[in-house]
Amino acid sequence: MVTTASPVTAELTAALRDVLGDAAVLTAESDRAVYECDGFVIDKNRPDVVVFPRSSEQVAAIVRLCNEHNVVYVPRGAGTSLAGGCLPVGGGVMVVLTRMKDILEINLRDRYAVVEPGVVNVWLTKALAGSGYHYAPDPSSQGACTLGGNVATNSGGPHTLKYGVTVNHVLGVEAVMPDGSIVEFGGPSQQQFGLDLVGALVGSEGTLAIVTKAWVRLTRDPEGYRTMLGVFDSIDDTTNTISEIIAAGIIPAALEMMDQGIIGALEEAFHFGFPLDAEAVLLIEVDGLEAGLDEQRDQIVELCKKNGAREVRQAADAKERQLLWKCRKQAFGAVGRLSPSYCTQDGVVPRTKLPHMLRRIKEIGIKHDVRIVNVFHAGDGNLHPIVLFDERDAEQTKRVLLASHEILDECLACGGSVTGEHGIGVEKIDFMKKMFNEDDLAAMARLREAFNPQGLLSVGKMLPTSGACGLEQKHPGRRAAL
Numbered sequence: 001m002v003t004t005a006s007p008v009t010a011e012l013t014a015a016l017r018d019v020l021g022d023a024a025v026l027t028a029e030s031d032r033a034v035y036e037c038d039g040f041v042i043d044k045n046r047p048d049v050v051v052f053p054r055s056s057e058q059v060a061a062i063v064r065l066c067n068e069h070n071v072v073y074v075p076r077g078a079g080t081s082l083a084g085g086c087l088p089v090g091g092g093v094m095v096v097l098t099r100m101k102d103i104l105e106i107n108l109r110d111r112y113a114v115v116e117p118g119v120v121n122v123w124l125t126k127a128l129a130g131s132g133y134h135y136a137p138d139p140s141s142q143g144a145c146t147l148g149g150n151v152a153t154n155s156g157g158p159h160t161l162k163y164g165v166t167v168n169h170v171l172g173v174e175a176v177m178p179d180g181s182i183v184e185f186g187g188p189s190q191q192q193f194g195l196d197l198v199g200a201l202v203g204s205e206g207t208l209a210i211v212t213k214a215w216v217r218l219t220r221d222p223e224g225y226r227t228m229l230g231v232f233d234s235i236d237d238t239t240n241t242i243s244e245i246i247a248a249g250i251i252p253a254a255l256e257m258m259d260q261g262i263i264g265a266l267e268e269a270f271h272f273g274f275p276l277d278a279e280a281v282l283l284i285e286v287d288g289l290e291a292g293l294d295e296q297r298d299q300i301v302e303l304c305k306k307n308g309a310r311e312v313r314q315a316a317d318a319k320e321r322q323l324l325w326k327c328r329k330q331a332f333g334a335v336g337r338l339s340p341s342y343c344t345q346d347g348v349v350p351r352t353k354l355p356h357m358l359r360r361i362k363e364i365g366i367k368h369d370v371r372i373v374n375v376f377h378a379g380d381g382n383l384h385p386i387v388l389f390d391e392r393d394a395e396q397t398k399r400v401l402l403a404s405h406e407i408l409d410e411c412l413a414c415g416g417s418v419t420g421e422h423g424i425g426v427e428k429i430d431f432m433k434k435m436f437n438e439d440d441l442a443a444m445a446r447l448r449e450a451f452n453p454q455g456l457l458s459v460g461k462m463l464p465t466s467g468a469c470g471l472e473q474k475h476p477g478r479r480a481a482l
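Per this note's numbering, the sequence shown starts with residue 1, numbered consecutively.
Hints were generated in silico from the structure; no laboratory data involved.
There could be a bad hint or two in this list.
Subject to a maximum C-alpha distance of 25 Å in a straight line, what follows is the list of computed SDA-like cross-link-like pairs (lysine to any residue) [claimed, not checked]:
id, residue 1, residue 2
1, LYS44, ASP390
2, LYS162, GLY180
3, LYS305, PRO355
4, LYS398, VAL34
5, LYS329, TYR133
6, LYS362, GLU290
7, LYS326, ALA127
8, LYS326, ARG297
9, LYS433, PRO464
10, LYS162, GLN296
11, LYS326, GLU290
12, LYS305, LEU323
13, LYS326, LYS44
14, LYS319, VAL34
15, LYS162, GLY288
16, LYS306, PRO350
17, LYS362, SER234
18, LYS326, GLY132
Note that this is a predicted model, so its numbers are computed, not measured.
Based on the provided sequences and hints, a complete structural model is requested.
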């Protein structure tokens, strides 16, 4: 692995302009400032050059030039990553894929679509409207996040409780390898043979290759939906209801929880009629064949009331269902009404540990004098505590990091994980040694080196063995806080 990369030179910048054109290469400081961080605003570092390829061939040419000049490079989509996944740790060249935004093919007969990495998730949903099919993974940021970014982090979303996360819906990818070659892994066939290299690339956070095309599985639309909102006066009652629904053998399409803090922000934003005095609400949806949906709905209503629900509302029609989901999908945007900055965590715990974790999150917030609100994928135990702060205040930022660290430690103590869908990025490198033993990390490092032997692609990400020291040098304050 490369240990010392070279700075970006005028010669490299000129070569990039020759390949891409002047308008697709940004070097001005004010332009580069836009790309100094993603949704994880605590760590910032500006790339030396930002480039916008429009084809796989251009991406390959960029990679070959970076190799020739020994310069680090990192891919980026829409920048919605919440773990520093596209932070340019070593500066270098940032390869922004948002201009590769075509839906190349929709094949309903064989149930797949072919998309470029810059396609926004919801664009595919809209393109499939009325076809009888949809693309199931639906991150809360689906109105902004790109499918390339979803592949990089193995994104989830509310409906992946029933339908699975991104890796379950990617049939194949085209990728530019770190040597500048263009390779296809998998493809539209439902049956794959040999090593699961597609599975290795999905969720690798751009550390193995740059995905430039994906074949994604399409799912038939369900015949019907029943969408409910359970209103609770107790967090414990809410979380106990979650476990009981799953224990009853019901697998909802989605099972989402929002606490009082989020309810207030959403009500101010959308005026849906949420009860502001409720401690929490559960957004529950079952789907499938019409036969049996009413029975599932009635069973869920009974379980909610058994566990202390004040009321259970049902969406009366498609318009009301869409409004409920609009509120859930835009919950993070509504947080802007509560605080100028926020840091979102992504821990996972067994469902039965949710009552304990919600109590601990509250205790941790009090201990570190930070406000924490919660909205998360309750059905699969994927917590998203949102720590509110002002990033201009260094003392607040330090307390936020300490609180976040403690929350993730508690997730591990409960037998869970420190990420469900946001990835490791730079934020959680310290936790890799807590989640995995040395042999596991060594195996991951060998896989990474097999794909990325020069180590110029996405330095300082995911593995402590291949980048933590670089992050320490660039961001010593963050390490000190932890």
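Results for each hint:
1. LYS44 to ASP390: Measuring from Cα to Cα gives roughly 15 Å; hence the hint holds.
2. LYS162 to GLY180: Given pair LYS162, GLY180 is violated - Cα atoms ~38 Å apart, limit 25 Å.
3. LYS305 to PRO355: Holds, because 18 Å separates the two Cα atoms, which is no more than 25 Å.
4. LYS398 to VAL34: 24 Å, holds
5. LYS329 to TYR133: Holds, at roughly 21 Å.
6. LYS362 to GLU290: Outside the cut-off at roughly 40 Å; violated.
7. LYS326 to ALA127: Holds, at about 19 Å.
8. LYS326 to ARG297: Given that 25 Å is the threshold and the Cα spacing comes to 21 Å, the pair holds.
9. LYS433 to PRO464: 8 Å, holds
10. LYS162 to GLN296: At roughly 15 Å apart (the allowed maximum being 25 Å), GLN296 and LYS162 satisfy the hint.
11. LYS326 to GLU290: 24 Å, holds
12. LYS305 to LEU323: 24 Å, holds
13. LYS326 to LYS44: 31 Å, violated
14. LYS319 to VAL34: Given that 25 Å is the threshold and the Cα spacing comes to 37 Å, the pair is violated.
15. LYS162 to GLY288: OK: LYS162 and GLY288 at ~11 Å, within 25 Å.
16. LYS306 to PRO350: Given pair LYS306, PRO350 holds - Cα atoms ~22 Å apart, limit 25 Å.
17. LYS362 to SER234: OK: LYS362 and SER234 at ~13 Å, within 25 Å.
18. LYS326 to GLY132: 21 Å, holds
Of the numbered hints listed earlier, those contradicted by the structure are 2, 6, 13, 14.
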